[in-house]
Amino acid sequence: MRRIVSESSKIKIINNLLVLVFALYGISQKRFDLEEMTLFQKIVVEVVAPVQKGLSSGREELVSLIDNYVRIVNTSKENAFLKKKIDRLENDLFQMEEIRRENFRLKQMLSYSEDIGQSKVLAQVIGWDSANQFKVLRLNRGSNDGIKVMSPVITHLGLVGYIYRVGTNYSDVLTILDPNNRVDALVERTRTHGIVEGVFNYHCSLKYISRTDPVEVGDKLITAGVGGIYPKGVKVGMVTDIDRETTGMTLGVEITPSVDFHKLEEVLVLLPKTDASTAQTSTEPSVEVAKGH
Amino acid sequence: MQPRFSRLMLSTFMTLGILIALEIGTSAFFPALGWREYRLAFNVVIILFMALKLTTPLLPWFVMMLQLVHAAFSVEGWALGTLVGILVSLIASYLKEILQFSSAIATIVTVQLFQIVWYVLTVSVICLKLGTFESFSLLFWNAMPGTLLLSLLSPVLFNLLNRVWNVEEMVNRSGMEI
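First to last, the sequence lines map onto chains A and B.
Just so you know, the first sequence maps onto residues 1 to 293 in this note's numbering.
Just so you know, the second sequence maps onto residues 1 to 178 in this note's numbering.
Just so you know, the hints here were simulated from the structure itself, not pulled from any lab data.
Don't take each hint at face value.
Said to hold, decoys possible - Once the Cα atoms are required to be at most 27 Å apart in a straight line, the calculated BS3-like pairs of lysine-lysine come out as:
(1) A:Lys30 <-> B:Lys129
(2) A:Lys148 <-> B:Lys53
(3) A:Lys12 <-> A:Lys148
(4) A:Lys148 <-> B:Lys96
(5) A:Lys263 <-> A:Lys220
(6) B:Lys53 <-> A:Lys10
(7) A:Lys207 <-> B:Lys129
(8) B:Lys96 <-> A:Lys10
(9) A:Lys207 <-> A:Lys232
(10) A:Lys10 <-> A:Lys107
(11) A:Lys30 <-> A:Lys220
(12) B:Lys53 <-> A:Lys12
(13) A:Lys232 <-> A:Lys220
(14) A:Lys42 <-> B:Lys129
Because the structure is a prediction, the values reported are computed rather than measured.
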């Protein structure tokens, strides 16, 4: 018995060591700013993303289900019948309102996209990263739609992030809320350069701003167009707090992103310029509207 | 030997199925309902269940498999969770004798304590990769509300996983372990 236990312990130690070595190697190779999907990940994403998409696009039905049905379980039959009728009508109204809102958002997005002389793909947000430590969102468009890693992602309100990894029909965006995403930005008024980094709590910080720079609360930030990822002039956010008490040579500047990430539903992915020249035959910018796969 | 191995495989695939369903819930269902502030890391609780309840020598490989699936839902990747999962399971293996899950409260407290250990290790590795410990406290505290809710859910989840892994029965039959 003792021999069996000791052999089992040996196997356990060997297994632990083997997997630990794999994991340490994996961590040493891991990049939080860019990743290529493995075949296994691609398969899992292709299988589960349609479910995520279904849940995401069925949002109004889910909200309606919870609001309109779960709460009226204990009412009388007559009440239930009448309420159901009202619910159905309310649900129709709710759906129409949702369509109206979506229409408004898409119109804004389309009118904004006309100002950008580059091919782009309109995509829907279908999921968020399941770990708290990362601010990544999943789109319903992938390499089949021409999306490549490092493609910038924007909305009419401003910068969202860039494509971190791409699947065939789905892709993940590393948002500007994530500290692994660094954006070279300009303070619009003073033309001061700085680096915008995410700080996890739906805010960003502007780094490397000298204490002598005349940055003020309310100043707007735009992309500097340096670094080859983001085009110049896209809105990033607004200065909402400046910590002048900090020691050192630079200021602590808090930025609130222009994009409201709590309400983000559709985004524009800018395609690389080499693709833009092949995809765009006329001078008119083209936008593909996400109809779902 | 054969039925025991097939039973292990069946339990593993069922656990992966549960993980996928829960990951879809946390990455799409809750955000669709407007809850985007915090994510529930169900992979952590499932790995904690395995670390606390199973004594199979294949445990590290199970942890790796769970993290490989989790990596499809998170840029965290498989390696970080695997490393932390193994370290936590090593800690758990030394404490197994004094831990007990006789009541829901005991399960909640144990899971919460191990989740704290988990996030101290995870955030430390992330900070090491980022090259700065500036965000340590923010990252750590940001994870805490989710861990509290997960701990409250853990008795239900442990009960479900007990059935999947047939824990009681297997302990009794072998006298020691799965």
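Where does the structure disagree with the numbered hints, that is, which hint numbers, in rising order? 2, 3, 4, 10, 11
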